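Enquirer: Based on these hints, arrange chain B on the given structure of chain A.
Chains as they are written, first to last, in this note's numbering: chain A, 1 to 211; chain B, 212 to 700.
Under 7 Å between C-beta atoms, here's a sample of chain B residues computed to sit facing chain A:
hint: 1; residue: 341
hint: 2; residue: 352
hint: 3; residue: 365
hint: 4; residue: 368
hint: 5; residue: 371
hint: 6; residue: 375
hint: 7; residue: 378
hint: 8; residue: 382
hint: 9; residue: 385
hint: 10; residue: 386
hint: 11; residue: 389
hint: 12; residue: 393
hint: 13; residue: 396
hint: 14; residue: 402
hint: 15; residue: 404
If you're looking for bench data, these hints aren't it; they were derived computationally from the structure. All figures in this text were calculated on a predicted structure; none of them were measured in a lab. For each residue, glycine too, the CB sits at the ideal point set by N, CA and C.
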Amino acid sequence: MELFIVLGLLATAYAMVSAKRVSTLIGNFRLQALFLCILTLIEATKGNHPGLYSVSILIFAIKVIIIPLILFRISEEIKVNENLGFFIPPLLSLIIALILTYFSWVLAGMVFTGQETMLKIFGTVSFSMMFLGFFIMIFRMKALAQVIGLLAMENGIFLLASASSGGMPFLVEIAVFFDVFIGVIILGLFVYRINQLFTSIDVSKLNRLKG
Amino acid sequence: MQLLIILLLLIPLILALLSFLSKEIKPLALLTSLGYFLNLILSLNLAYQYLVNNTPITLLNNSIYADALSVFFILTISIVVFATALYSQSYIAHDLDQKTITDKKANLFYVLFNLFVLSMLLVTLVNNLGLMWVAIEMTTLVSTFLVGFYNTKNSVEAAWKYIIICSVGITLALLGTILFSYALLFATNTKSLNWTDMLSVASKLDPNLVKIAFIFIMVGYGTKAGLAPMHTWLPDAHSQAVSPISALLSGVLLKTSIYAILRYTMIANKCLAPSYTSNIFILFGLLSLAISAGFILIQKDIKRLLAYHSIEHVGIIIFGFGIGGPLGIFGALFHMFNHAVTKSLLFFGAGNITNTYKTHNMHNMRGVIRALPFTGIMVLMGTFALAGLPPFSIFFSEMMILISAFTQGYYLYSILFLLFVTIIFGAIIHHFSKILFGEKPKNIPVTKDPLPVQLAFVFLFIFMLVMGFFILEPINTLIVSATAILRGI
Chain A
1 MELFIVLGLL ATAYAMVSAK RVSTLIGNFR LQALFLCILT LIEATKGNHP
51 GLYSVSILIF AIKVIIIPLI LFRISEEIKV NENLGFFIPP LLSLIIALIL
101 TYFSWVLAGM VFTGQETMLK IFGTVSFSMM FLGFFIMIFR MKALAQVIGL
151 LAMENGIFLL ASASSGGMPF LVEIAVFFDV FIGVIILGLF VYRINQLFTS
201 IDVSKLNRLK G
Chain B
212 MQLLIILLLL IPLILALLSF LSKEIKPLAL LTSLGYFLNL ILSLNLAYQY
262 LVNNTPITLL NNSIYADALS VFFILTISIV VFATALYSQS YIAHDLDQKT
312 ITDKKANLFY VLFNLFVLSM LLVTLVNNLG LMWVAIEMTT LVSTFLVGFY
362 NTKNSVEAAW KYIIICSVGI TLALLGTILF SYALLFATNT KSLNWTDMLS
412 VASKLDPNLV KIAFIFIMVG YGTKAGLAPM HTWLPDAHSQ AVSPISALLS
462 GVLLKTSIYA ILRYTMIANK CLAPSYTSNI FILFGLLSLA ISAGFILIQK
512 DIKRLLAYHS IEHVGIIIFG FGIGGPLGIF GALFHMFNHA VTKSLLFFGA
562 GNITNTYKTH NMHNMRGVIR ALPFTGIMVL MGTFALAGLP PFSIFFSEMM
612 ILISAFTQGY YLYSILFLLF VTIIFGAIIH HFSKILFGEK PKNIPVTKDP
662 LPVQLAFVFL FIFMLVMGFF ILEPINTLIV SATAILRGI
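Chain A on its own, in the form it takes in the complex (with noise of 0.2 Å):
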């Protein structure tokens, strides 16, 4: 089951890469949230750690409901061009994708040297998940990318820290949370700001600074 959950997480990720428009990217950031969240459910009814069933509560309401409305009412409002604008193109950056999850292999194995596989395979996907979501944030025009790209790598981070020590302590998880939540809103309000100032929230168009 949970491995099935994790190559679904992965497989939310590749869709992210290979998303054309911004709300495909957004619903598919949803469904990782969505993914991640019934993870964590899975890992609170083993009962180790007690914490967890409030990080899974939190986890759907932040960020499979809250951030994702957010995101789709700044596209919707804004009215941004639906196209996410694409510096390398989906085929290309699939195969890209898939050489950055040999590579998440490789940094997992000297990682987790003499661990079980099942815990390799969650530092993979993990740290896939991480290096994809900065993938978007560079080779995607639109700068509500470069926010859920980062979310992206904030999820493969979340992911790693559950699968190798049974998440952070529950002060710190929900302090990262409150963090993660207080970002995304500064960042919308400066997605707002681009687009009233520079008339589009392409950030090709921020190049003003130099030198």
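Expert: Showing chain B alone in chain A's frame:
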């Protein structure tokens, strides 16, 4: 002592609340300066009490932990923040006069200013490395608005790059944090993110894992510290931020990130051969020096020029830690303090100059000493100090680092270090002599600086000059103890 720490954190919090509620800016600005004066006194008191007992102060079941290193950082932050609060008084009043900002926005400035200070103080005080991460991310989130404060195309672009690049960096640092906590779990089967817990069993951690984790920490927090090649956000953010905030960004924010790196270095050095971290430090240090030297030569924008100098000095500091040895580490910590006071002074100067000349372009600035006599002289002194001329304090800390490098046989690194510092020396003297001397343009009036600004300048100038002759107490003893802690003695 516990009470002192609580008060230290309460003052910015209360001031932030007051800024949120208050309608009048003038009394609020004055109150902020007074508040941070009190903060300064408290942190001096904390320093002395710490030196008497010489044991780490803990609070709330060990979740707040302050040793000499933390106290040294708190004192540095308090000094720079007090000067900045004084300077902001006139700076914000000027912006209100010019109608560049509204009353509401001035309030917002003070709310964010205080929260910014609070988050920086928290970084130096929390024991839990996860919460330290949260505090550092908080500094980014709060200061983003202060970078994009004027809501112009340039400032919004700078703010966007700042928050995006630093958030990515800090995400990598979170990854490093988790890997460290996994290493602890793996080695001792205990789950904790407390720095003290990790340090006590550091020698048992898996070295390979710590190596990978440390790289992520270095790249992650190094982004926020402004180390090349992750520095690209820094010149934009420093040049577009409100000038008092530029001073805080450069003077203390970068150092809080270095503080985080140092905490991890102590763990890593107990587990690995110290040459591992020191080689990484030397590499990043020299790279930052090289890149900043190039950009300083060709710079036209005065605030960007100072921003690249921050990259240079962060490079020097990290280089010093990399060289290590008692003198090298002492020099690096001392340099951190010197750079904090000197660079804040220069950003105040740059703020006054850009306000008077209404441009950032140094080609259009002439005769600053005639137009702004007080600021001009202070900037001249600051330039000498920043370039590393005696008798100013930066000269001595740079010398300590260099001597330590030579005596330990790092000849090639020392020569590279000297080469870059010399290039930068030439460039800064060239740039500033052009804008400071000569006739002022006719349309620029002679302006007298308001009293709070003069006070802020003089306050920082005293440290800049006096520390060149002898290192004031309690800073000296604090640096000595912090050096011992960093060397793991």
